[in-house]
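Model the placement of chain B on the given structure of chain A, informed by the hints.
Listed in order, the protein sequences are those of chains A and B.
Under our numbering, residues 1 to 475 are what the first sequence spells out, in order.
Under our numbering, residues 1 to 474 are what the second sequence spells out, in order.
Mixed in with the good hints, there may be bad ones.
Claimed, not checked - Now the stretches of chain A that chain B is said to cover, found in silico as 3 or more residues with beta-carbon under 8 Å:
1. 40–51
2. 100–106
3. 275–288
Hint data in this document are derived by calculation from the structure and do not stem from the laboratory.
Even glycine gets a Cβ: it sits at the ideal position worked out from N, Cα and C.
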Amino acid sequence: MGEYEAVIGLEVHAQLMTETKAFCTCPNRYGAPPNTLVCPVCLGMPGILPVLNRAMLEQAMKLALAVGATVHPRSKFDRKNYFYPDLPKGYQISQYDEPFSTGGSIELKVDGHRKSIRIRRIHLEEDAGKSMHQADGSTIVDMNRCGVPLVEIVSEPDMSTPAEARAYLNEIRRLVRWLDVCDGNMEEGSLRCDANVSVHRKGSEAFGIATEVKNMNSIRGVERALAYEIERQIGVVEGGGTITRQTLLWDETEEIARPMRRKESSDDYRYFPEPDLVEVVVPSEWAERISRDLVELPRARCMRFCQEYGLAEATAEVLAGERGVADYFEALAKESGDPRRAANWVQGDVLRILKERNCDIASFPVSVSDLAGLMNEVETARLSLSGAKKVLDRMIETGRSPESIIEQEGFAQTSDAREIEEVAREILAKFPSEVIKYKSGKKNLFGFFVGETMKATKGQANPKVASEILQRLLS
Amino acid sequence: MTLKIPPHQHLKNHPEELPSAVETCLQAIEQAKPLNAFVHLLADRARHKAVEVAQATGQGEELPLRGMILAVKDNIAIEGTSLSCASRILKDFKSLFTATAVARLEKAGAIIIGKTNLDEFAMGSSCENTIFGPTHHPLDWERVPGGSSGGSAVAVAAGLVHAALGSDTGGSVRQPAAFCGVVGLKPTYGRVSRYGLVAFGSSLDQIAPFATNCQDAFAVLCIMGGKDEHDSTSAAYPMSYPTEGLKPLGEKLRIGLPKEYLEEGLQAEIAEVVLQVARGLEKAGHDLVEISLPYSKLAVGVYYILATAEASSNLARYDGARYGFREHSAESLQDIYTHSRAGGFGREVRRRIMLGTYVLSAGYYDAYYKKAQRVRRLVLGDFLDAFGKVDVILAPTTPTTAFKIGEKIDDPLAMYLSDVYTTPANLAGIPAVSVPAGKDTKRLPIGVQIMGPHFSDELILQVGCDIERLHGRI
Numbered sequence: 001m002g003e004y005e006a007v008i009g010l011e012v013h014a015q016l017m018t019e020t021k022a023f024c025t026c027p028n029r030y031g032a033p034p035n036t037l038v039c040p041v042c043l044g045m046p047g048i049l050p051v052l053n054r055a056m057l058e059q060a061m062k063l064a065l066a067v068g069a070t071v072h073p074r075s076k077f078d079r080k081n082y083f084y085p086d087l088p089k090g091y092q093i094s095q096y097d098e099p100f101s102t103g104g105s106i107e108l109k110v111d112g113h114r115k116s117i118r119i120r121r122i123h124l125e126e127d128a129g130k131s132m133h134q135a136d137g138s139t140i141v142d143m144n145r146c147g148v149p150l151v152e153i154v155s156e157p158d159m160s161t162p163a164e165a166r167a168y169l170n171e172i173r174r175l176v177r178w179l180d181v182c183d184g185n186m187e188e189g190s191l192r193c194d195a196n197v198s199v200h201r202k203g204s205e206a207f208g209i210a211t212e213v214k215n216m217n218s219i220r221g222v223e224r225a226l227a228y229e230i231e232r233q234i235g236v237v238e239g240g241g242t243i244t245r246q247t248l249l250w251d252e253t254e255e256i257a258r259p260m261r262r263k264e265s266s267d268d269y270r271y272f273p274e275p276d277l278v279e280v281v282v283p284s285e286w287a288e289r290i291s292r293d294l295v296e297l298p299r300a301r302c303m304r305f306c307q308e309y310g311l312a313e314a315t316a317e318v319l320a321g322e323r324g325v326a327d328y329f330e331a332l333a334k335e336s337g338d339p340r341r342a343a344n345w346v347q348g349d350v351l352r353i354l355k356e357r358n359c360d361i362a363s364f365p366v367s368v369s370d371l372a373g374l375m376n377e378v379e380t381a382r383l384s385l386s387g388a389k390k391v392l393d394r395m396i397e398t399g400r401s402p403e404s405i406i407e408q409e410g411f412a413q414t415s416d417a418r419e420i421e422e423v424a425r426e427i428l429a430k431f432p433s434e435v436i437k438y439k440s441g442k443k444n445l446f447g448f449f450v451g452e453t454m455k456a457t458k459g460q461a462n463p464k465v466a467s468e469i470l471q472r473l474l475s
Numbered sequence: 001m002t003l004k005i006p007p008h009q010h011l012k013n014h015p016e017e018l019p020s021a022v023e024t025c026l027q028a029i030e031q032a033k034p035l036n037a038f039v040h041l042l043a044d045r046a047r048h049k050a051v052e053v054a055q056a057t058g059q060g061e062e063l064p065l066r067g068m069i070l071a072v073k074d075n076i077a078i079e080g081t082s083l084s085c086a087s088r089i090l091k092d093f094k095s096l097f098t099a100t101a102v103a104r105l106e107k108a109g110a111i112i113i114g115k116t117n118l119d120e121f122a123m124g125s126s127c128e129n130t131i132f133g134p135t136h137h138p139l140d141w142e143r144v145p146g147g148s149s150g151g152s153a154v155a156v157a158a159g160l161v162h163a164a165l166g167s168d169t170g171g172s173v174r175q176p177a178a179f180c181g182v183v184g185l186k187p188t189y190g191r192v193s194r195y196g197l198v199a200f201g202s203s204l205d206q207i208a209p210f211a212t213n214c215q216d217a218f219a220v221l222c223i224m225g226g227k228d229e230h231d232s233t234s235a236a237y238p239m240s241y242p243t244e245g246l247k248p249l250g251e252k253l254r255i256g257l258p259k260e261y262l263e264e265g266l267q268a269e270i271a272e273v274v275l276q277v278a279r280g281l282e283k284a285g286h287d288l289v290e291i292s293l294p295y296s297k298l299a300v301g302v303y304y305i306l307a308t309a310e311a312s313s314n315l316a317r318y319d320g321a322r323y324g325f326r327e328h329s330a331e332s333l334q335d336i337y338t339h340s341r342a343g344g345f346g347r348e349v350r351r352r353i354m355l356g357t358y359v360l361s362a363g364y365y366d367a368y369y370k371k372a373q374r375v376r377r378l379v380l381g382d383f384l385d386a387f388g389k390v391d392v393i394l395a396p397t398t399p400t401t402a403f404k405i406g407e408k409i410d411d412p413l414a415m416y417l418s419d420v421y422t423t424p425a426n427l428a429g430i431p432a433v434s435v436p437a438g439k440d441t442k443r444l445p446i447g448v449q450i451m452g453p454h455f456s457d458e459l460i461l462q463v464g465c466d467i468e469r470l471h472g473r474i
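Okay, chain A solo, but in the shape it has when bound (with noise of 0.2 Å):
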């Protein structure tokens, strides 16, 4: 960027996780076959009514009392209107100019610094149907996702680079799903983000003239998507030109943004207030509750897996990076009574595990107690770490017991002496030259003579008892 700065803000939309529809009783439901979920209501036929959905105040409240909002006491909807297939009302219901939530701030840490960013406003709204462009140059739409609870979470424009963004998305996808409000998944759309972006001088106190980004449905397509948008604004500057306020699409394939079909007049939804609907009043007894109830934050929680369990502050944040997560680590922690060495079985091997198979905790096929049993064989010396790694590896490929495992699969160490001398003295009797070259001063083959015995012995050894054995041998 050289001598220019970026000047971001984003807005997510993030579909809460509600049994039924925003305004109707509608299943809220991903994946349905195309215009299944739908009624009279979320269809917007002649004569209809949209009721609330309380389970929608009481998610967006955890939320927004999550981020540090005020969430205010009373709020309204209001209509947005346009015109578009998949938006049967011809209106969305939305918040305009008194929105559930104002204020709050999302802590950012990028490149080893910290940096907050401001959140203007948490608003609820219902989310549009869902237009699929066809080859043939046809659209059809599918009604399913009408009415489906959003929130729109609009931040300040507080961060100056792509990675500031991503990290920010990071943040807000980690939060709802910690809350368990949303599921984050961008893929299937249900939390969107779109981008404003303008690019000024150093030092210049005026901002540029801001664009919007959207159809971006990654982090790393929105990180890609600025990174690209902020180059191609500082080249027009820099050859002269000037920004022209636009909307621009992100290709993902191609990797360029562009310009929006213009359309034939100016944006005017002509807000105004839905009278369909009374107003939204979030008694303070209703949100102290609320506050009440809301579980551990992720910034709190690692603090305390330092403090409680003296963990390092880098692997206290990745056991909090996600709330599945810290909850079995510190179950396991319990369980096994060692939370350091839990937390490095949960760093280690269980996000290994669960990258591997692309799935996530909930669906992590070891419980705790078997993760603490087997916590446990290493620790009274039944198993090495290694054998313990391998008995892992095998549960999940089985989904056996670990003792049986153990038992059948003989991944059992022995600290059998008399077995372990035996092979030992094959080990020595191998390497007659190695023997002698240890003798004569060089003590550092040692290590050789235990992994040659280990290996001889598929690891099956105790290493402590095959060292001391090995120690008499040679001396």
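Chain B alone, transformed into the frame defined by chain A:
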């Protein structure tokens, strides 16, 4: 006005006669076809329902409206039947569900015989803006019955049904009731669920009954009213229908006469009838109090900003994309919208959509919509002040009696002024009833209007009963 079917009180006691009463009703409607009150008959549905209600007798079922045959304005939904709103855009549309008000009436034993004509999407005051052609005044076929609920008013006035449902956004039930000489009640906003009523001005609309007398209007109101989980704006105000019906007024009332409602622009004969009624009520022991409702003069202007603003949004769903009329020659999406809406909506509807779109547009919102909202609160404030001094308000319903077909159709402003005395109650959300109280020299009916505080629907109907008794003597 003579009833062409047996009285509902009779049918209530002789439910076995219901199936034949339905046939009589259908024949009467057929004979009155030139009036053009009905646009769709629900003959088989009504026959089926008549047998069902007749058979339910003796099984101890509570059917307070047993014996009542009703007509319903064709902007109120009944599952599987027409919901045309007298518009080309919904001409062949059938509803997927039934309005709460209708469902409650049917559950109470009422029989719905058919759907009635209206001004397209309830926009009009004459029942002329309709794809089905104008409805005629039953006493003078060259005249309009009023509107927009003209078909329902005529169905009751011509004695074809016992009662009917209309919708009142700015006077669409009271004005035709006054023109046709029947009772028309606009309930307190929120008293009757709007679920199933095709929205025009959502913050003003109420489903509203027509009947030949206040007792019957009260019965229909009680049965169809009350909280509905499908309508957030419906009020949790207890509604139950007392078996003895509307009780006579037990107390002396303070009756307000708003001077602004009796000034210029009011047909002299109507002013005379209002004053006659006032004197009659005074003689009956009530106190008359002159009051002032200065902001009511702004009501028509405010109404036509707010109602059209809401309508422009409410009617956006009729775009040719999903159901209803589509102009098939259109090629682009933009053309589907503009051609379907231009071809599907009539002139008056298009005019109001344009007006409503304009007042909500960026740069005009504050000057029109927002200001109108403020004046709306002032209109309400007037009424709240007045109800500190008086119990009910007596006023004319309309500035004139029924006018001629074609007289105002090309003069929207003159047409809008038909609502000058009725729009204030909609803006304030208060109940108002029009009761027949006399005739002009052309023998055309004159209605007087009684308005009361929020949820005083029963009280204004009680006053209406007193006026009915007086009228008998006038």
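Against the structure, test the hints numbered earlier, and report the numbers of the ones violated in rising order. 2
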